[in-house]
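Now for the letters of each chain:
There are 2 protein chains.
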Amino acid sequence: MDNTQIRIGIAGYGNLGRGVEAAIARNPDMTLVGVFTRRSPESVKPLSARTSVQPITALSDCRDTIDVLILCGGSKDDLPRQGPEMAARFNIVDSFDTHARIPEYFDSVDAPARANGKTALISIGWDPGMFSINRLYGEALLPDGATYTFWGKGLSQGHSDAIRRVPGVKAGVQYTLPSRDAIEQVRSGLRPELTTRQKHTRECYVVLNEGADAAEVERTIVTMPNYFADYDTTVHFISEETLLREHSRMPHGGFVIRSGNTTEAHAQVIEYSLQLESNPEFTASVLVAYARAAYRLNVQGQFGAKTAFDVAPGLLSIKTPAQLRKELL
Amino acid sequence: MDNTQIRIGIAGYGNLGRGVEAAIARNPDMTLVGVFTRRSPESVKPLSARTSVQPITALSDCRDTIDVLILCGGSKDDLPRQGPEMAARFNIVDSFDTHARIPEYFDSVDAPARANGKTALISIGWDPGMFSINRLYGEALLPDGATYTFWGKGLSQGHSDAIRRVPGVKAGVQYTLPSRDAIEQVRSGLRPELTTRQKHTRECYVVLNEGADAAEVERTIVTMPNYFADYDTTVHFISEETLLREHSRMPHGGFVIRSGNTTEAHAQVIEYSLQLESNPEFTASVLVAYARAAYRLNVQGQFGAKTAFDVAPGLLSIKTPAQLRKELL
Numbered sequence: 089m090d091n092t093q094i095r096i097g098i099a100g101y102g103n104l105g106r107g108v109e110a111a112i113a114r115n116p117d118m119t120l121v122g123v124f125t126r127r128s129p130e131s132v133k134p135l136s137a138r139t140s141v142q143p144i145t146a147l148s149d150c151r152d153t154i155d156v157l158i159l160c161g162g163s164k165d166d167l168p169r170q171g172p173e174m175a176a177r178f179n180i181v182d183s184f185d186t187h188a189r190i191p192e193y194f195d196s197v198d199a200p201a202r203a204n205g206k207t208a209l210i211s212i213g214w215d216p217g218m219f220s221i222n223r224l225y226g227e228a229l230l231p232d233g234a235t236y237t238f239w240g241k242g243l244s245q246g247h248s249d250a251i252r253r254v255p256g257v258k259a260g261v262q263y264t265l266p267s268r269d270a271i272e273q274v275r276s277g278l279r280p281e282l283t284t285r286q287k288h289t290r291e292c293y294v295v296l297n298e299g300a301d302a303a304e305v306e307r308t309i310v311t312m313p314n315y316f317a318d319y320d321t322t323v324h325f326i327s328e329e330t331l332l333r334e335h336s337r338m339p340h341g342g343f344v345i346r347s348g349n350t351t352e353a354h355a356q357v358i359e360y361s362l363q364l365e366s367n368p369e370f371t372a373s374v375l376v377a378y379a380r381a382a383y384r385l386n387v388q389g390q391f392g393a394k395t396a397f398d399v400a401p402g403l404l405s406i407k408t409p410a411q412l413r414k415e416l417l
Numbered sequence: 089m090d091n092t093q094i095r096i097g098i099a100g101y102g103n104l105g106r107g108v109e110a111a112i113a114r115n116p117d118m119t120l121v122g123v124f125t126r127r128s129p130e131s132v133k134p135l136s137a138r139t140s141v142q143p144i145t146a147l148s149d150c151r152d153t154i155d156v157l158i159l160c161g162g163s164k165d166d167l168p169r170q171g172p173e174m175a176a177r178f179n180i181v182d183s184f185d186t187h188a189r190i191p192e193y194f195d196s197v198d199a200p201a202r203a204n205g206k207t208a209l210i211s212i213g214w215d216p217g218m219f220s221i222n223r224l225y226g227e228a229l230l231p232d233g234a235t236y237t238f239w240g241k242g243l244s245q246g247h248s249d250a251i252r253r254v255p256g257v258k259a260g261v262q263y264t265l266p267s268r269d270a271i272e273q274v275r276s277g278l279r280p281e282l283t284t285r286q287k288h289t290r291e292c293y294v295v296l297n298e299g300a301d302a303a304e305v306e307r308t309i310v311t312m313p314n315y316f317a318d319y320d321t322t323v324h325f326i327s328e329e330t331l332l333r334e335h336s337r338m339p340h341g342g343f344v345i346r347s348g349n350t351t352e353a354h355a356q357v358i359e360y361s362l363q364l365e366s367n368p369e370f371t372a373s374v375l376v377a378y379a380r381a382a383y384r385l386n387v388q389g390q391f392g393a394k395t396a397f398d399v400a401p402g403l404l405s406i407k408t409p410a411q412l413r414k415e416l417l
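Residue numbers (our numbering), protein chains in the order written: chain Y, 89 to 417; chain E, 89 to 417.
Fair warning: there could be bad hints in the mix.
No farther apart than 30 Å at their CA atoms in a straight line, the calculated lysine-lysine pairs in the DSS-like style are these [what the hints assert, rightly or not]: (1) Lys241/E to Lys258/E; (2) Lys241/Y to Lys258/Y; (3) Lys164/E to Lys258/E; (4) Lys164/E to Lys414/Y; (5) Lys241/E to Lys414/Y; (6) Lys414/E to Lys241/Y.
Now the stretches of chain E that chain Y is said to cover, found in silico as 3 or more residues with beta-carbon under 8 Å [what the hints assert, rightly or not]: (7) 172-182; (8) 248-254; (9) 258-268; (10) 310-316.
Because the hints were derived from the structure by calculation, they are not lab data.
Every residue, glycine too, gets a C-beta built ideally from N, C-alpha and C.
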């Protein structure tokens, strides 16, 4: 490890930004310059009292004091505007996760980054991110094969919102679960054809309004088109206290499995899985490791937009290449 | 995919070389120039009748016709001599797997490769190789954590040899198995302290000589110092026919698990596993994907010795960066 401190800025302070603050504290080669917010700085309560909170406009004075700016806004409204703008001024890392729009977003960030000698790592996290890397490794190592991605057990925001719109429902959350049967079929090397629906089940935890008809609520949920009708859906009724106590975390995770053959005689299975108690904190931790890579790539003169596919594993580590070869190879 | 064919040579033709031949046939951007052997070429029977087999001395005429030479010799006797010699003349990929000697081997290959503008990817395979990458990713993404490597179910050559030296034993094989209990402890996020011995059990399949005392053979095996005495070891007696029918494959695999916390409140678990019906064929398939990377790195002017840590995932894929972003991210 050399002694250079990498100076990090955080743009946006929701669950993800808070996770980045926590992750920086666990990486001794990084210093947090500050949190930059569109809200009133006084309204933001960082994890550490020593964390400086400033208006996002203050970033214009930070071009020489921030090595990498981590963008913690959302993919729908924030990043499409913020990514290209910030990539012209800073090395950036973001978690842009609208899969279908990644090529377009990549181009929109690539041009300003290149023009200004900056490095922009986009779509970093676990999906897109670590799951994508494992889909790529799987295909490359077993070209004759099939790749399966399963998600869960994970809290789904959109489906939780749908439950809460059902008449008689006071509160509720929905978890997507990978189907155990489907996973076992895939692990067996059989290469089954499975739709997303066959690979997942849904589990709902619902708090009823007083006097609501549980049977009617359950029927409305499990038959709801698009959201639940085609899935194996289970509804559990719980008290508000239980909901708060047991369902306020944001777990997630999943599996990427590549099943393939090296010869007709020999099947091979590669599996990568995540079991996350906090989805935003893990995503944040991935962003911070890639901030180290963004810094190093920029020092090497590797400008423009890049994704997790373009980053050699060693660039993520605090250790030197020689240490890595000695200790981890 | 561009239309360049990458021209590959295979040096050495045992199980690994045969696996490389099979893998090249599954990668449409690669052409096999030939197998180069120290044996008499007539004695080598390649998988495909179209594969050219030549004496290893013929390599001196192939500097312009081979883009990457895959070294398929052993780490003990072949590679320490062959690696440095060949890295002066070819881009190479090898599976040097004596973990403790990797730094020394790296240096011995790096100097001739650099001096001659060649790229040498060493210690490629799954351990070292894919497991190493996952140990690195685990540490980098969850700095506050612990990493666990489990091996198996896998055939162990050294332990199989030890069984076969026991008086009364006609033939036999030994499998190393990961302990299910230990894996479950690790997956729970508890970060237990476990020795290699606590993480693995051993299973032996033994064919007795006529008249041999089964109880005595079993006692000798399970109490054998270094090999079995400190492990939970099971001995099964089987017929020679069963041994041939059910135990002539070379399965292997294992698990790399990183258990860590992003904050005190939230544990996160990353798991990578391989379930291989043929260890040499999978290793060969990894070598071939990295041959593509070696070729591309050399074209980019990245000379010298490198390991899996230095290779961005995208370099392994037959697909273009834009295709990868569109299809796999």
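(request) Please write out, lowest number first, the hints stated earlier that are contradicted by the structure. (result) 7, 8, 9 and 10
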